[in-house]
Amino acid sequence: MRTRTTDTYETSRREVMKNLALGALVAGSSGAALTGTLASSARAAEPAPIKMAFIQFQPHTVSSAWAKGIQDVLSIQPKFGFQLLDGQAKADIQISLMDTVINDGVNVIFVQPVDSVGIGPSIKKAARKGIPVITLNIDSTAKHAAHIEMNHYFGAMEIANAMGTMIGGKGKVAILNAPPGIIIRDQRTNGFVDGMKKYHPDVQIVADQVADWDRKKAQDVLSTILTAHPDLGGVYGVNDSMALGAMDVAKSKGIKLVIFGNDGEKDALEAIEAGDLAGTQYTDVFQQGRFAAAVATVLATGGVQASAFAEQGHLLMPYVIATKETVGTIQTYQRW
Amino acid sequence: MKSVARIPNKELAIFFIVTVAIFCSLSPSFRTGENFENILVGFSHMGVLAVGQAFPILLGGIDLSVGSIVALAGMVGFDGFLIFGLPGAIVIPVMLATSVVAGIFNGVLITGARLQPFVATLATMAVYRGVTYAISGRQLFPELATRSIDDDLLLGLDNYVGHFPYAFFLLLIVAGLSQLLLAATRFGRDVYAVGGNREAARLAGIPIGRTTAICYAISGFCAGLAALILVSRMTTSQENLGIGIELSAIAAAIVGGASLQGGTGNAIGPVIGAFLLGVILIGLNLVGITTYAQPVLTGLILLGAVYYDRVLLGRRRLRLGKSQ
Numbered sequence: 001m002r003t004r005t006t007d008t009y010e011t012s013r014r015e016v017m018k019n020l021a022l023g024a025l026v027a028g029s030s031g032a033a034l035t036g037t038l039a040s041s042a043r044a045a046e047p048a049p050i051k052m053a054f055i056q057f058q059p060h061t062v063s064s065a066w067a068k069g070i071q072d073v074l075s076i077q078p079k080f081g082f083q084l085l086d087g088q089a090k091a092d093i094q095i096s097l098m099d100t101v102i103n104d105g106v107n108v109i110f111v112q113p114v115d116s117v118g119i120g121p122s123i124k125k126a127a128r129k130g131i132p133v134i135t136l137n138i139d140s141t142a143k144h145a146a147h148i149e150m151n152h153y154f155g156a157m158e159i160a161n162a163m164g165t166m167i168g169g170k171g172k173v174a175i176l177n178a179p180p181g182i183i184i185r186d187q188r189t190n191g192f193v194d195g196m197k198k199y200h201p202d203v204q205i206v207a208d209q210v211a212d213w214d215r216k217k218a219q220d221v222l223s224t225i226l227t228a229h230p231d232l233g234g235v236y237g238v239n240d241s242m243a244l245g246a247m248d249v250a251k252s253k254g255i256k257l258v259i260f261g262n263d264g265e266k267d268a269l270e271a272i273e274a275g276d277l278a279g280t281q282y283t284d285v286f287q288q289g290r291f292a293a294a295v296a297t298v299l300a301t302g303g304v305q306a307s308a309f310a311e312q313g314h315l316l317m318p319y320v321i322a323t324k325e326t327v328g329t330i331q332t333y334q335r336w
Numbered sequence: 001m002k003s004v005a006r007i008p009n010k011e012l013a014i015f016f017i018v019t020v021a022i023f024c025s026l027s028p029s030f031r032t033g034e035n036f037e038n039i040l041v042g043f044s045h046m047g048v049l050a051v052g053q054a055f056p057i058l059l060g061g062i063d064l065s066v067g068s069i070v071a072l073a074g075m076v077g078f079d080g081f082l083i084f085g086l087p088g089a090i091v092i093p094v095m096l097a098t099s100v101v102a103g104i105f106n107g108v109l110i111t112g113a114r115l116q117p118f119v120a121t122l123a124t125m126a127v128y129r130g131v132t133y134a135i136s137g138r139q140l141f142p143e144l145a146t147r148s149i150d151d152d153l154l155l156g157l158d159n160y161v162g163h164f165p166y167a168f169f170l171l172l173i174v175a176g177l178s179q180l181l182l183a184a185t186r187f188g189r190d191v192y193a194v195g196g197n198r199e200a201a202r203l204a205g206i207p208i209g210r211t212t213a214i215c216y217a218i219s220g221f222c223a224g225l226a227a228l229i230l231v232s233r234m235t236t237s238q239e240n241l242g243i244g245i246e247l248s249a250i251a252a253a254i255v256g257g258a259s260l261q262g263g264t265g266n267a268i269g270p271v272i273g274a275f276l277l278g279v280i281l282i283g284l285n286l287v288g289i290t291t292y293a294q295p296v297l298t299g300l301i302l303l304g305a306v307y308y309d310r311v312l313l314g315r316r317r318l319r320l321g322k323s324q
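Order-wise, the sequence lines are chains R and F. Quick note, in my numbering, the first sequence goes up one by one and the last residue is 336. Quick note, in my numbering, the second sequence goes up one by one and the last residue is 324.
Next comes chain F alone, as it looks inside the complex (with noise of 0.2 angstroms):
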């Protein structure tokens, strides 16, 4: 039984089965496969960024910048289509590898120029945005903003297995790869030894320097992929895609059980926490409850997922102390 107790999110995963559950039985509509469909599509690259957040996270960091570095991605996909006309083979790549180099600098001004990862990654936040706007083909070409991207390769981003998004299934890979890079790798280790106790880590020999560098690399990729994800859905980019993402990513991230304080945390709780956030908002909407009492209730929902989860890993914790 030592595997059960071992799946990680155990808590988090029956809170959220919970709630659907009570969403199921309020409102007809929340139990339709079209609607579990809407929330796959609609939350999945909200995984992705919760996912690639978690790495700054574990390390005891913060990436703000994942929202504008979605905007930077869409608008390079914007204007490779677009302006330049180039095949989907060519701007996908070029819009990830500006993604994964935006995530670079971040971890490079962290370890390089020893600034704060909140600070540093604030000052990339406008930064990227800033380059958003300045690069933006809706400025430069302003007929081009009522045009939509018809890329094959791109779009075929939004199809279906039944009633499952592919997207849905991108976003597993980058979980499972995650989980698997966090759990099974000598880098997975360094990044719990990094987040836990990072002194200690330096006097183990830990290349903290490439660590860091590479977890924010992995959160700009993931921010790349998401921004992949939302200009197949649009069929358009926008110089304020993204803004405030961030922020429901880190609170996903969370939620799914990665500590603040670094060294704590996986790459499949993010996910769960990603879709509870989805659910949360689709459910309140269809059982009705009005817009301007929603953001209080998702807050209170949210924080009863963390205290909850806490409470009981608290517990488990406290049980573990004393049988030894």
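Same shape as in the complex, but just chain R (with noise of 0.2 angstroms):
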């Protein structure tokens, strides 16, 4: 089934070929006005009847994830069309994107805010138009149709209890943590730091830094930490590239760590089947773009109103904590 993947790629690739050649149109057209003849062959295609939109954080293996889920759903039915957003990680730019697909006419909106606040007066804007919004994995203060997130908190604190009994129930552990500001980041920490305290009150957490999400950051904060706790036992990156960072620094130092990730994207699910990682939070993502993607056809097809979803819907995703153990019972096709 790795094929599957394979193909996924080479279709995004062929897009974006496809769209670099109408921008080429564009930028070509553009040109050829500037000296009084302007082309108007170039038109986008017919917008399809239900539009929706998923403006992401930022592109990331997640997102991606959370795409092809989305798209795998609206396929089935032709006269659903797509648009994917890049939110580049900045708050105004989401912002502006979420007023740009509003104009457009999009019947739902995917988001998965930069700012749980700041997305809050663009949410009421879709509202007042009858636009549901469905939000991913981090969540807004403003009431919107749906919200779908990983378990972070209570994954996290499996993540804790598995590490401390890997580690002998005493020691010292260390976090490879996200930069402040985002939610999930302290979701997982609190949800690591509560765990340990329940389930292994004698291991002691002695560092929690920065490494900005990246593995070549990761192997380089390690490296420091390392150097004040030679002892250290254990190390959490709250996500996989900061622990698969934290794998390199340990394989290149010949050292023992025992070292979880979370997400559980395939790089990782790999390196624990390997040995080289203990384990990570694995969360079907494709899943959990399918899911908000039913939602999503339902709010736009079935009559309902968002509003009638009373209570904002809320599903935390299901999870496998992946270690050597259990690594195997995620199927090729559900790794993303």
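Hint data in this document are derived by calculation from the structure and do not stem from the laboratory. Computed from a predicted model, the values in this text were never measured in an experiment. The beta carbon of each residue, even a glycine, is placed where N, CA and C say it ideally should be. A few of these clues could be false.
As the list claims (entries may be wrong) - Just some of the chain R residues that point at chain F, by a computed CB distance under 10 angstroms:
{"no.": "1", "residue": "P59"}
{"no.": "2", "residue": "Q83"}
{"no.": "3", "residue": "L84"}
{"no.": "4", "residue": "S116"}
{"no.": "5", "residue": "A142"}
{"no.": "6", "residue": "D186"}
Two chains, two frames, a set of hints: combine them into the complex.
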């Protein structure tokens, strides 16, 4: 089933080339117009009757997998159109894109907010126009149709439990963290800290440092932490990239560390199978996208108003704590 | 007809209008009043930042710290409104004062400590961002992160006259005053003199230190105004507000005709540059170009704009040179 993933990448690459060609036409016609001959043949394809847009936080393996899951569901019925937009990790750009898709007359908006409060006025604007908004992973304080997220807090608690058990219930561990200001960071960190307190009170969290979600940065940060704490027993990366960075350090220094990540991306699962990574919290992100799309299609076509979800629909995704013993249960088609 | 020939950024303005016309012809959603409202409200803060950025660039310098100043001023506002519960009449001046002080500090580092503007503002970019994290009410009182600011005066900025947002009028005032300052005052002449030839300016007795400090203070002040606009739209602020926005502001200023060598440019071009960025971003999305192709196209269109502007400028200079 590996071919399926390759196919997706192929398709998206072809899509990019196609769009670059269309864009060249735009740029070209802009050049032509300057010399006085406006090319009017460049026209975008006719819009589909029901349009949906997904405004990502920024391009990432997780949001690509959501987009793939959303498209899986929408592609069953040809009447749905789908567009993926890049929030560039900037709250102001994301708000601007929200305004743009609202004006473009989309029927449903999926969004992974850069800021929970900042996106609020745009969500209210969408609500006034009767456009349901579905948030992914990061909730908004403004009332909207549905919210579907990974189970950050409880997942991280279980990671703490599993890690503590693996290092024998005592010792020192470190957290490689995301920059402050993102709610996921707090949920995962709190879950891990509370989990350690609850299950393994003798395990000390000796360091909690920012490694920017990044594999390379995580290598540098962990090397520094190891200088101060050469007897470190475990590392929790709040995403897989940082855990993989920690794994690189452990490998190159030839030391044994119990390393856990979070998310469950393909590379991390392979590292678990190879025995280099102790574990991660795996969420089927394709499924998360499909669920969001299922909600969206009901809202868009079922004659159901977003307000019918009197209480905001709120789903925490199920997860697997993937370790060497359990990673085999995650099928190839579920890996993203 | 001399006055027509002297209209600044004529070429850029034509490029801008043509780009808008093309997107209008390609997308029915683009040619709506609401879309122009969205572009105006979404990129007025970028215009203000670009006008501010024009001052250091006119001096032959650069201000990389504006994104961090936006976040710092925003966080001062966040703390003022949500932690201390102060009214806008107090918080807004404090936000602006903070941003001016941050700008003056940049100027002092550059003139007093004789640091390269690139190095000095690269350093303060990190410092101001760090201070923002340190004073962040979102960290000190996590429950505030989910509360919105509801100050009437501040949120008043997020209102409209017809399709025109107040933020756009603020931008017009900033750009107009800046252009007046540059074109009709002694300070303006000093800026061009220092940017054109620093040594000659020094020999002519122009106060280089003071001029530099004022330029960076203006850049900081504009960052504070941009923070006001952003906070009024978002009803909150973030530690990572404005990350990378300095590069967009610099791009807008350069597309708007400000030369990185200093001494060339004005305060009107950057406004067009900023809205060109907005038109391209929103236009490409409405035409339905995928996200992954957009940065490439944005870069190409900007290169086209700068190239077109410079080529025509070069030709005109050549013509002028021959006629003399």
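* Which hint numbers does the structure go against, in order from smallest to largest? -> none
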